[in-house]
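As given, the protein sequences belong to chains A and B, one line each in that order. The number in the working numbering is simply the position in the first sequence, starting from 1, with 523 added. Letter 20 of the second sequence, counting from 1, is numbered 0 in the working numbering, and no numbers are missing.
Worth flagging that the hints you see were computed from the coordinates, not collected in a lab. Where is the CB? At the ideal position from N, CA and C, for every residue including glycine. Treat the hints with care, since some could be wrong.
Cut-off 30 Å, straight-line C-alpha distance, at most; resulting in silico cross-link-like pairs (DSS-like, lysine-lysine) [said to hold, decoys possible]:
id, chain 1, residue 1, chain 2, residue 2
1, A, Lys592, B, Lys67
2, B, Lys24, B, Lys83
3, A, Lys834, B, Lys24
4, A, Lys836, B, Lys67
5, A, Lys791, B, Lys83
Covered stretches of chain B (in silico footprint by chain A; criterion: 3 or more residues with CB under 8 Å from a CB of chain A, positions within the stretch not fixed) [stated by the list, open to error]:
id, segment
6, 7 to 16
7, 23 to 36
8, 108 to 119
What follows is each chain in one-letter form.
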Amino acid sequence: MNFKKATLPAISLLLASSVWSSGLKSDLRLSGFVSTGYLESSHYNYPADTEGGTTAFSELGLNASWTPKDRLTVNGQIFAFELGPYGNYDPMVDYLFLDYNVKREFGVRFGRVKREQGIYTHVQDIDLSRTSILLPIGMYDQRFRDISAALDGASLYGNIDLWNDAYLDYVVYGGVVELEPDGGVGGVALTAMSQAADNLAVEYIEAADNRGAQLWLSPGIDGLRIGFGVTEMSEVEAAITGSISAYHPNPYFAGLPLRSEFSDFTLKIEQLSLEYFVGEWNLTSEYAESTTSYDAVSSIAGTVVSGGPGKSKARTWYASLARRLGRFEAAVTYSEENGGGLLSSGGPDSVTEDMQLSLRYDVTDFWTLKTEVHSLFGTSRLFNEFNQNPIRSERNWTLFAAKSTFFF
Amino acid sequence: MKLRNFLSVLACAALGCSFASNAVATEVVANPRNDEQIDKESLKLMLIGKEKFWSSGSEVVIAILKSDPSVDDALSRYSGMTTNKFKNHWQRIAFSGRGKMPKMFSSMEDLVKFIETNEGAIGIVSSTNNVETLRRIELGLVGRSQFTVNLASL
Chain A
524 MNFKKATLPA
534 ISLLLASSVW
544 SSGLKSDLRL
554 SGFVSTGYLE
564 SSHYNYPADT
574 EGGTTAFSEL
584 GLNASWTPKD
594 RLTVNGQIFA
604 FELGPYGNYD
614 PMVDYLFLDY
624 NVKREFGVRF
634 GRVKREQGIY
644 THVQDIDLSR
654 TSILLPIGMY
664 DQRFRDISAA
674 LDGASLYGNI
684 DLWNDAYLDY
694 VVYGGVVELE
704 PDGGVGGVAL
714 TAMSQAADNL
724 AVEYIEAADN
734 RGAQLWLSPG
744 IDGLRIGFGV
754 TEMSEVEAAI
764 TGSISAYHPN
774 PYFAGLPLRS
784 EFSDFTLKIE
794 QLSLEYFVGE
804 WNLTSEYAES
814 TTSYDAVSSI
824 AGTVVSGGPG
834 KSKARTWYAS
844 LARRLGRFEA
854 AVTYSEENGG
864 GLLSSGGPDS
874 VTEDMQLSLR
884 YDVTDFWTLK
894 TEVHSLFGTS
904 RLFNEFNQNP
914 IRSERNWTLF
924 AAKSTFFF
Chain B
-19 MKLRNFLSVL
-9 ACAALGCSFA
1 SNAVATEVVA
11 NPRNDEQIDK
21 ESLKLMLIGK
31 EKFWSSGSEV
41 VIAILKSDPS
51 VDDALSRYSG
61 MTTNKFKNHW
71 QRIAFSGRGK
81 MPKMFSSMED
91 LVKFIETNEG
101 AIGIVSSTNN
111 VETLRRIELG
121 LVGRSQFTVN
131 LASL
């Protein structure tokens, strides 16, 4: 673990310990959730090994919140998940931070803090917070949770009165994001090289600096809020190794060692959000643009064969309408991603369109069942780092999901 | 009698209320050691998790009685959220470490006891309940409850 990344949570614990030793004041609150599900697709393996159906789709979390002093809280959550080859139930500190609320208009969090971007980034693991099982493809992808869920650093936040009943919520954050070799960024890099090479592996992938802000304007209409978020990650460095594919047009190259280094990787995302609850209806819609730039150098058998800067841009949006009927909740969601293709060959490889129907039933106050079906066009979100999607001949495909969640 | 009923219907239609609003009135209660005065706007900020601490520094802890329609109605009016939205809103807050879920109680006795022993606790209860040991917060009657009282006097 990177020193900087390990240090901030450790400092949080140290400060918490010092507060503990200086005298307790308030209660400790524990809560958690256990969620397990099933995924099956007509073609392709997304987001796990879904083509034959899979139950490798589970999450569990245990969190604690403690208020040892006036205006000071300590919050933490241990989280583990399995999503096909991702997660493997490796327990991780999802968040662990000190929160000092000076006043409603200003507070500071320090430690491993949740990264707030749009409606769902900071609650992407919290199945209970929405009608659907899977969040809109292209904007929220659980395979990228290593870079999207939290960062080690600090955030400033507050709630400011504007005109009449209007107010503004803000969060500004900065820190370091921990990248996992088997996480989303590694998956993208391996997928991008998978058509040219075999036996691919991430040699190293290093932490990203991350800074950003999320603003929410509540204009004084009950249930309505409008958001704008911007985030930038930089200083990511990675190296991928493998061997040239046996099917390379020039048989002389087949089997030779291949190595690609990525440096000065920068990702910037700007996101507009709208959420409106009126009665038992809930309308949500978001639009995001992301720009990626990097320098790449590839060598075969130690000889540099290509190099130079690269840049790509992707757009994604969705709209969702949900209706509550007693213990039932139904939602229809349409989402679209364009330009985010991992193979950048244009056509269905660089787009994903998804029409999603979701149904939720709250069996009890602590148990929720969900089911949903997706009708998809395009393959831009398919990974191939485990050779799970080697051929992409089908443009239209479907995905079924079911999930059960207990919480306390 | 007929005229009075007719006027009641007219008044309700004009004010956007219904006879269903003839629910039991509710009260906002707090720990007796907490003498801070709040208004409806402050109560709303507390209920939606924006105001997390009292001026004294004590943490705001919301206490709610489950399955009480009059409390649900009052909670919706004060927070501006339906019961389901309120629950969903707090799940998002609590599971991302930004606050503590409101405490839900099945019995009035447990709720009263909780507020008595937690300095920052605040709750909404039906006026029919005996809450003599708690401090009643005077917010002024709001929304449909106000009209319910007026209509009852017609």
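Do the hints match the structure? See the list:
1. Lys592/A / Lys67/B: With Cα atoms ~27 Å apart, Lys592/A and Lys67/B stay inside 30 Å; holds.
2. Lys24/B / Lys83/B: Roughly 17 Å separates the two Cα atoms, so the pair holds.
3. Lys834/A / Lys24/B: Violated, because 47 Å separates the two Cα atoms, which is more than 30 Å.
4. Lys836/A / Lys67/B: Not OK: Lys836/A and Lys67/B at ~38 Å, beyond 30 Å, violated.
5. Lys791/A / Lys83/B: violated (40 Å)
6. 7 to 16: violated (count 0)
7. 23 to 36: Answer holds; 6 residues pass the 8 Å Cβ test.
8. 108 to 119: The restraint on the segment 108 to 119 of chain B is violated, since only 0 of its residues have a Cβ under 8 Å from chain A and three are required.
Violated hints for the displayed structure, listed by number in ascending order: 3, 4, 5, 6, 8.
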